[in-house]
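There are 2 protein chains.
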Amino acid sequence: MMTKFETIQAISVPSYPEGSLFSAERPENRENREITIHGSVHKIRKMSGFSFLILRTPKRLVQCVLDSDKCQVEGFLKEEACIRANALVVEEPRSKTGWELHLKRITVLSEPAEEMPVVINGKGIDASLETLLDYRPLTLRNEKQRAVFKIQEGLCRGFRAFLEKEEFTEIRTPKIVYQGAEGGANIFRLDYFGKDAYLAQSPQFYKQMMVGVYERVFEIGPVFRAEKHDTARHLNEYTSVDFEMGYINGFQDICQMEAAMIKNSLDYLQVHYGAELSLLKVRLPEADSIPSIRFHEAKELVAGRYKRPLCEKNDFEPEEEKLLSEIVKKETGSDFVFVTHYPTAKRPFYAMEDTEHPEVTLSFDLLFRGLEVTTGGQRIHDYGMQLAKMERMGMDPSLFKSYLWIHKAGMPPHGGLGLGLERFTARLLEMDNVRQAAMFPRDIHRVMP
Amino acid sequence: MMTKFETIQAISVPSYPEGSLFSAERPENRENREITIHGSVHKIRKMSGFSFLILRTPKRLVQCVLDSDKCQVEGFLKEEACIRANALVVEEPRSKTGWELHLKRITVLSEPAEEMPVVINGKGIDASLETLLDYRPLTLRNEKQRAVFKIQEGLCRGFRAFLEKEEFTEIRTPKIVYQGAEGGANIFRLDYFGKDAYLAQSPQFYKQMMVGVYERVFEIGPVFRAEKHDTARHLNEYTSVDFEMGYINGFQDICQMEAAMIKNSLDYLQVHYGAELSLLKVRLPEADSIPSIRFHEAKELVAGRYKRPLCEKNDFEPEEEKLLSEIVKKETGSDFVFVTHYPTAKRPFYAMEDTEHPEVTLSFDLLFRGLEVTTGGQRIHDYGMQLAKMERMGMDPSLFKSYLWIHKAGMPPHGGLGLGLERFTARLLEMDNVRQAAMFPRDIHRVMP
Chain A
22 MMTKFETIQA ISVPSYPEGS LFSAERPENR ENREITIHGS VHKIRKMSGF
72 SFLILRTPKR LVQCVLDSDK CQVEGFLKEE ACIRANALVV EEPRSKTGWE
122 LHLKRITVLS EPAEEMPVVI NGKGIDASLE TLLDYRPLTL RNEKQRAVFK
172 IQEGLCRGFR AFLEKEEFTE IRTPKIVYQG AEGGANIFRL DYFGKDAYLA
222 QSPQFYKQMM VGVYERVFEI GPVFRAEKHD TARHLNEYTS VDFEMGYING
272 FQDICQMEAA MIKNSLDYLQ VHYGAELSLL KVRLPEADSI PSIRFHEAKE
322 LVAGRYKRPL CEKNDFEPEE EKLLSEIVKK ETGSDFVFVT HYPTAKRPFY
372 AMEDTEHPEV TLSFDLLFRG LEVTTGGQRI HDYGMQLAKM ERMGMDPSLF
422 KSYLWIHKAG MPPHGGLGLG LERFTARLLE MDNVRQAAMF PRDIHRVMP
Chain B
22 MMTKFETIQA ISVPSYPEGS LFSAERPENR ENREITIHGS VHKIRKMSGF
72 SFLILRTPKR LVQCVLDSDK CQVEGFLKEE ACIRANALVV EEPRSKTGWE
122 LHLKRITVLS EPAEEMPVVI NGKGIDASLE TLLDYRPLTL RNEKQRAVFK
172 IQEGLCRGFR AFLEKEEFTE IRTPKIVYQG AEGGANIFRL DYFGKDAYLA
222 QSPQFYKQMM VGVYERVFEI GPVFRAEKHD TARHLNEYTS VDFEMGYING
272 FQDICQMEAA MIKNSLDYLQ VHYGAELSLL KVRLPEADSI PSIRFHEAKE
322 LVAGRYKRPL CEKNDFEPEE EKLLSEIVKK ETGSDFVFVT HYPTAKRPFY
372 AMEDTEHPEV TLSFDLLFRG LEVTTGGQRI HDYGMQLAKM ERMGMDPSLF
422 KSYLWIHKAG MPPHGGLGLG LERFTARLLE MDNVRQAAMF PRDIHRVMP
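As given, the protein sequences belong to chains A and B, one line each in that order.
Take the position in the first sequence, starting the count at 1, then add 21; the result is the number in the working numbering.
Take the position in the second sequence, starting the count at 1, then add 21; the result is the number in the working numbering.
No lab work stands behind these hints, which were simulated from the structure alone.
Just to be clear, a hint being listed does not mean it is correct.
Copies of the same chain look alike in the list, so a pair counts if it fits in one copy or across any two.
As the list claims (entries may be wrong) - As a list, the in silico SDA-like pairs of lysine to any residue whose alpha-carbon atoms are at most 25 Å apart: (1) K99 with N270; (2) K165 with E95; (3) K216 with E248; (4) K64 with G354; (5) K25 with P330; (6) K429 with A134.
Go ahead and model the full structure; you've got the sequences and the hints to work with.
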C-alpha cells in the first residue's frame with residue numbers, strides 16, 4: 022500500500038502578497054487602488070475627526086489615515102500592535118512619499134501586553150547609551166537605530182561582492198581553538214570536556230593554512246578578545262572581515278586591495294542603501310586613493326606638529342591616531358590613512374620583517390577618521406625564517422606544530438588583514454562609541470541582552 | 022611645511038597578471054601565446070627526455086611540460102614548491118583540457134623544508150579519517166578535498182542570494198551569551214571576567230528579537246553544542262544557516278520557503294560549481310517539491326513497514342530516520358522529506374502548539390537522505406501564552422527577561438529554522454561522516470588543528 026504524503030512546493034513566499042503596495046515597482050502608480058499591507062503600529066496621532074496611523078514596515082514608515090467611520094477594525098488597536106490591513110493608495114503631497122494610505126479594514130494579529138519601557142517611535146531615541154543597550158531588542162525597532170545595521174549589512178555585502186569578484190574563496194574556520202593567534206593574556210578560556218580550549222582571537226592561522234589551498238580566502242565572522250579595556254573603541258566580541266592572499270609582490274598589494282574593497286563597498290552603499298544613508302545623514306568618505314606614511318615618520322610628524330613628547334616609541338596612543346588623521350585630512354583631504362612599517366617589537370611572531378631594516382615589519386594599520394580599523398601585513402612563509410624568529414622570541418615551536426606544517430610543506434609569499442566591522446561602521450556613521458555599531462555588544466560589563 | 026605622503030590607489034590586484042592564462046576568457050584561443058602563471062608544484066612525473074609538471078592553481082590542475090633544455094629554472098624545483106613561470110600554450114588533445122603548457126622560465130618563490138607527511142597529490146587521499154583530519158592544513162590541498170569546501174561555499178552563496186532576494190536582512194548575533202536557547206546540559210561554559218557566560222547553542226532568541234525589527238532575518242554563523250555524542254552525525258561546533266520570518270500564515274510557509282531556498286541553491290551549484298560537482302561525482306537531488314508527513318504517522322509507517330517495535334514514542338531514532346527516507350525515496354522519488362507536528366514534550370518552550378492538539382507542535386524537521394538537516398517551526402508570539410507555557414514547564418520567566426520583552430512589546434506571528442551546513446554538505450556529497458564536511462572539525466576528542 023502506498024503512503025499518502027502531502028507536498029510542499031519549492032516556491033518562495035513573498036513578504037507582501039501579490040498586488041500589494043510593496044510588490045509594485047512604483048507605488049505611486051497604484052493611486053486609488055486597494056492594496057493589502059502589514060506591519061507594526063509605530064505611532065497613532067489623533068487629529069480632529071481622524072487619526073494618523075504610522076505603520077512600520079521593514080523598509081519605511083508609511084503614513085496611514087484612520088477614520089473610524091470608514092475603517093473596520095478587528096481587535097484592539099494600539100501602538101506596537103501587529104496588523105494586517107486593506108487600504109487605498111491616495112496622493113498626498115504633504116506626505117514625505119507623496120502618497121498616503123486610507124485604511125479600510127484592519128485585523129490586529131497580536132497586541133502588546135505592556136507599554137514599551139522606552140520610547141522608540143520618535144526620530145531618534147532620547148536615552149543614555151546604557152538604556153539604549155539594556156533595551157536593545159526594543160530600541161532597535163527605532164527607525165534610525167535599525168538603519169545603522171542595514172548600513173552594516175550593506176558594507177558586508179559590498180565587501181563580499183568585491184572579494185568574490187576578485188576570486189577569494191569564503192572559508193569557515195573554527196572559533197573553539199587549542200591556541201591563540203595573538204598570544205598574550207587577552208584570550209577567553211573554555212572548559213572543553215574537561216580540557217582547556219580557547220575562543221579564537223582571529224582566524225589568522227587558519228586563513229594562512231587556507232592560502233595554501235585556495236590562494237585567496239576570506240571570512241567574515243566573530244572573534245573574541247578578553248581585553249579588560251573599558252573604552253569607547255573596545256568590544257570583547259566583534260566581527261572581523263578577514264582576507265588573506267598568496268603570491269603577493271609586497272604588502273602594498275594588500276593595502277591596494279583593501280582600498281579597492283572599501284571603495285567598492287562605499288559605492289555599493291550609495292547605490293543600494295540611499296534611504297538609510299540619508300536618514301542618518303552619512304558623509305560617505307572618498308576612497309579612490311589613500312595616503313600612506315611610515316610609522317616612525319607619522320610619530321615624528323604628530324610630535325612635531327602638536328609639540329608632543331615622543332613617549333611610547335613602538336606604538337600609537339589613541340590620541341596620536343586622532344591627531345595624525347587630522348593632519349592627513351587637512352593636507353590631503355582623505356578620511357583614511359595607511360600607517361606602514363610598524364616596529365617588529367609590537368607585531369606578532371608571524372609578521373615578515375623588512376630585510377634591510379629588521380626592526381620594522383612589512384605591515385600596516387589603516388586609520389579611518391582617527392581610529393585604527395584594520396591591521397594587516399605580509400607573513401613569513403619560509404620555515405627556516407619562521408623557526409628562527411620564534412626561537413629568537415623565546416617561543417616553543419612545538420606548541421605550533423600543525424601551524425608550522427604549512428611552512429614546512431611550502432607556502433607562497435602571502436599576507437592579509439583583519440578589518441573590525443563595528444569600528445568601521447562606527448567611524449562611517451561618526452558615532453562616539455563602537456558599542457552603538459554592534460547589535461548586541463559584549464563588553465567587560467555586558468553580556469546581556 | 023606640507024608632509025610628503027605616498028599614495029595607495031584603490032585598484033584591485035588581479036590574481037593573475039594581465040595577459041596571463043586565467044585572465045583570458047578562452048585559454049584555447051591563446052595557442053602559442055606566451056603567458057605567465059603561478060601555483061604550487063603538485064606533481065612531477067619524469068618521462069623519457071622530459072617531465073610532466075602538474076601545477077596546482079586555485080581552480081584546476083594544469084598539465085605542464087618541462088624540458089630542461091628548453092626551460093630556465095631559477096631555484097630548486099620540487100613538489101609543493103611555489104613557482105612563477107612563463108610558458109607557451111600548446112594544443113594537446115591527450116590533455117584533459119585540450120591544451121598544455123610548455124614551460125620556458127621558472128622562478129621558485131619558496132621551497133618546502135620537509136616532505137609532506139601524507140600523500141596529497143593522488144586523486145583522493147588514501148588515509149584514515151583520523152589522518153585526514155590530523156593533517157588537515159595539508160590534506161585540504163588535495164584536489165577532491167578542496168572541492169568539498171568549494172561546494173559548501175557555493176551552497177552558502179546560493180542560500181544567501183535567495184534570502185537577499187526574498188528581503189531577509191542579514192544579522193550578526195552574539196556568540197557569547199548569558200543563557201542558552203535550547204536549555205539542557207549541552208552548553209559550553211566560559212569564564213567571562215570572573216562571571217559565567219556561555220557559547221550560543223543557536224541564535225534563536227536574537228533572531229526572534231530581530232523579526233520585531235526587520236520582519237525577515239537570516240544569519241549564517243557558528244553555533245556550539247557541548248554534546249558528548251561521538252557519532253558520525255555530531256559536531257560540537259557547526260555552521261547554522263538560520264532564518265526567521267514574521268507575518269506567516271502557518272509553519273508551512275517556512276517549509277515552503279526552505280524548499281525554495283534549497284532548490285535555488287542546488288540550481289546555483291549546477292550553474293557555478295560544475296567542475297567540482299563532476300570531480301566529486303555529485304548526484305544533485307530534486308527539490309521542486311518535497312513530501313511531508315506528520316511525525317506520528319511517520320513513526321507508524323516505519324514501524325509497520327519494517328516490523329519494528331514502537332519504542333521511544335516522542336522522538337526518532339537515527340535508524341528510523343534512515344528507514345523513513347528509504348520509504349519516501351521508493352514511493353515518491355524524493356531525497357528529502359518534511360516531518361511535521363513533533364510532540365510538544367520534545368520541543369523547546371518557545372514552540373507553538375497546535376491549538377486543537379496541544380500535545381503536538383507546529384514544527385518540523387527536514388530529513389535529507391536519511392539524516393535530519395533542519396529543525397524549524399512556528400514560535401509563540403503572544404506574551405500570555407508564552408508565560409503560561411513556561412510556568413507549566415516549571416521554568417522561571419525572570420531568567421528570560423530581555424527575551425520576553427519582545428512578546429510584551431508586540432510580535433507578529435513568526436517562525437523559522439536552522440539548517441546544519443556541514444550535515445547538508447555531507448548528505449549532498451554522500452559522505453559517511455559529517456566531520457568530512459567541516460574544514461577543521463571540533464568533536465569531543467578533537468580541537469586540533
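Those earlier numbered hints the structure runs against, lowest number first: Numbers 2, 4 - these are the hints that the structure violates, sorted from lowest upward.
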